[in-house]
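Protein sequences, first through last, are from chains R and E. With this note's numbering applied, the first sequence corresponds to residues 1189 to 1471, in that order. With this note's numbering applied, the second sequence corresponds to residues 90 to 328, in that order.
For the record, the hints were derived by calculation from the structure and aren't laboratory data. The reader is advised that the hints may include incorrect statements.
Restraint-style ranges between C-beta atoms, simulated for each label pair [claimed, not checked]:
#1 Q222/E to V1470/R: 16 to 22 Å
#2 E1460/R to R188/E: 45 to 51 Å
#3 D100/E to A1225/R: 30 to 36 Å
#4 R244/E to R1313/R: 55 to 61 Å
#5 E217/E to R1313/R: 34 to 40 Å
#6 G1343/R to L204/E: 26 to 32 Å
#7 E202/E to G1343/R: 53 to 59 Å
#8 E217/E to V1333/R: 45 to 51 Å
#9 L192/E to M1437/R: 52 to 58 Å
#10 R1387/R to G101/E: 34 to 40 Å
#11 R1387/R to A315/E: 45 to 51 Å
#12 E1460/R to Q222/E: 53 to 59 Å
The structure presented is a predicted model; accordingly, all values stated were derived computationally and were not measured. Where is the CB? At the ideal position from N, CA and C, for every residue including glycine.
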Amino acid sequence: MSVDGTALDVAPRTARSAAQDASAATPSKGGLGRRLAYVFVALIVAAIIAQSFYVVQARPGDLITGVHGMVDILSRAMPPAWSEVGETLWPALETVDLAIFGTVFGILMAAPLAVMAASNVTPARPLYYLARGVIALTRAVPDLVWALLFVTAVGLGPFPGALALSVHSIGMLGRLFAEVIEDMDFGPVEALTLTGASRLQVFTHAVVPGVLPSLLGIGLYRFDENLRSSLVLGFVGAGGIGFRLLTAMNLFQYQTVSLLLIATFILVMAAERGSALLRRQVA
Amino acid sequence: MRYPNGKLALDGVDLTVRAGELVTILGSNGSGKTTLLRCVARLEDPSEGEVLVDGRDLARLNGQALREARLALAMVFQRANLVRRRSVLANVVCGTLGRRRTLWTTLGGLPAEELSMARELLRKVGVERLGAQRADTLSGGQAQRAAIARALAQRPKLILADEPVASLDPEAAEEIMRLLRRLAVESGLAVLCVLHQPSLAQRYSHRIVGLRDGVVAFDLPADLCADQQIAVLYKDLAA
Chain R
1189 MSVDGTALDV APRTARSAAQ DASAATPSKG GLGRRLAYVF VALIVAAIIA
1239 QSFYVVQARP GDLITGVHGM VDILSRAMPP AWSEVGETLW PALETVDLAI
1289 FGTVFGILMA APLAVMAASN VTPARPLYYL ARGVIALTRA VPDLVWALLF
1339 VTAVGLGPFP GALALSVHSI GMLGRLFAEV IEDMDFGPVE ALTLTGASRL
1389 QVFTHAVVPG VLPSLLGIGL YRFDENLRSS LVLGFVGAGG IGFRLLTAMN
1439 LFQYQTVSLL LIATFILVMA AERGSALLRR QVA
Chain E
90 MRYPNGKLAL DGVDLTVRAG ELVTILGSNG SGKTTLLRCV ARLEDPSEGE
140 VLVDGRDLAR LNGQALREAR LALAMVFQRA NLVRRRSVLA NVVCGTLGRR
190 RTLWTTLGGL PAEELSMARE LLRKVGVERL GAQRADTLSG GQAQRAAIAR
240 ALAQRPKLIL ADEPVASLDP EAAEEIMRLL RRLAVESGLA VLCVLHQPSL
290 AQRYSHRIVG LRDGVVAFDL PADLCADQQI AVLYKDLAA
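Isolated chain R, as found in the complex (with noise of 0.2 Å):
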């Protein structure tokens, strides 16, 4: 066992540099116990980096003999199957398309969320709490669970897809929304309310100016991120390049495989890219 080889390995080391810290800092006060500190703290990451890789059954050797097959498969997978560029279009563009409707439908749940879960402008404390809760349930349950789910709910297909990445977009959005909204400039706010204004001229005159080109921002950052994860959906039936992709690996279909892999990777960089360049506009 490797585990405490390691940990003696890397204590000393750190008690040396911890006394080095505290003698230059506090000559005299404190330095055993914090020295002691830092060996407790050194031996737990230690320890805890160990066990991983025991878990997770790294195996340096398999990955060096795996090698070849490897290369078997790249070989066969090349020329990639360009025939099928054509064929490759439509489960591109709803791959696009379960990303734009992911996005829009979380934006439009989650603007409303948002300000009953940003603890200053929220109409009711009750309601802070609920949007908080739905806002925590959205975002811990991940997309790809959301999409099992959906997939038995209506079936396969594309819109099993969409409605999973709105579902957990909206808990994505909604946190970043709300932090948005809690983050924002309060003088213009008091300043309108001082006017005579009621709730709802403040909301639109001060609150939606101040904090909309932020939104968008985190709403374009969003459909970069719904295209990445709608590739992947597609691989529980929920459409897309995804799906195809599935199928292709499993007809063993290495050089349709790659043609997709390519038309994939074009994608996540023209949306990475595409948002990055809206991004800086609004900003």
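Based on these hints, arrange chain E on the given structure of chain R.
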């Protein structure tokens, strides 16, 4: 005015500001200047006493009636508190929202019938050329002028100014004080202003009120207000 924690912030302050008059409140930190302004605007609830604005007692009113009575007073802050991403003109028009309560303005629209009035106000405060610019492109002094224009758009009878020049350079500070004085004299507004600069107070106000420990130490016409009287306000209370 007594805070819930038992601290007596203002005690027996009796102050009248007439139309056309600029009154400055001076006092050290913690003397109750800001509390006084916030009481007048009913941002704090005075524990006793009256706040009469245009004949109505703000301290007694609540809800709709309070909101309507409050329309008579406008506030200018230390920071301009403009909505940064909107145009200067839009910011000024926002001052009219209190009397323009329509579905359109509730949804974020601006009352079109107020635009020419807002331009007029921008001219009055001397920034008419900047109307189309975004508010975050203005300098501190320009922003404060726009904020004053927004306050005027409300058509108030009283302007409360809480350290309106504290974050401005000396030249801009002079200009803002000159503007406030002019508004009082020419437009017949009552202006109640909290300042930290005795010299500005002496030059631009009609009357100076010295606050010390929540009590009015003196209330004098500015030209009768001697330097040592002001100095007493800032003396260490233990001494």
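Hints versus structure:
{"no.": "1", "hint": "Q222/E to V1470/R: 16 to 22 Å", "verdict": "holds (19 Å)"}
{"no.": "2", "hint": "E1460/R to R188/E: 45 to 51 Å", "verdict": "holds (49 Å)"}
{"no.": "3", "hint": "D100/E to A1225/R: 30 to 36 Å", "verdict": "violated (53 Å)"}
{"no.": "4", "hint": "R244/E to R1313/R: 55 to 61 Å", "verdict": "violated (37 Å)"}
{"no.": "5", "hint": "E217/E to R1313/R: 34 to 40 Å", "verdict": "violated (46 Å)"}
{"no.": "6", "hint": "G1343/R to L204/E: 26 to 32 Å", "verdict": "violated (55 Å)"}
{"no.": "7", "hint": "E202/E to G1343/R: 53 to 59 Å", "verdict": "holds (56 Å)"}
{"no.": "8", "hint": "E217/E to V1333/R: 45 to 51 Å", "verdict": "violated (60 Å)"}
{"no.": "9", "hint": "L192/E to M1437/R: 52 to 58 Å", "verdict": "holds (56 Å)"}
{"no.": "10", "hint": "R1387/R to G101/E: 34 to 40 Å", "verdict": "holds (35 Å)"}
{"no.": "11", "hint": "R1387/R to A315/E: 45 to 51 Å", "verdict": "holds (48 Å)"}
{"no.": "12", "hint": "E1460/R to Q222/E: 53 to 59 Å", "verdict": "violated (34 Å)"}
Checked against the numbered hints given earlier, this structure breaks hints 3, 4, 5, 6, 8 and 12; the rest are met.
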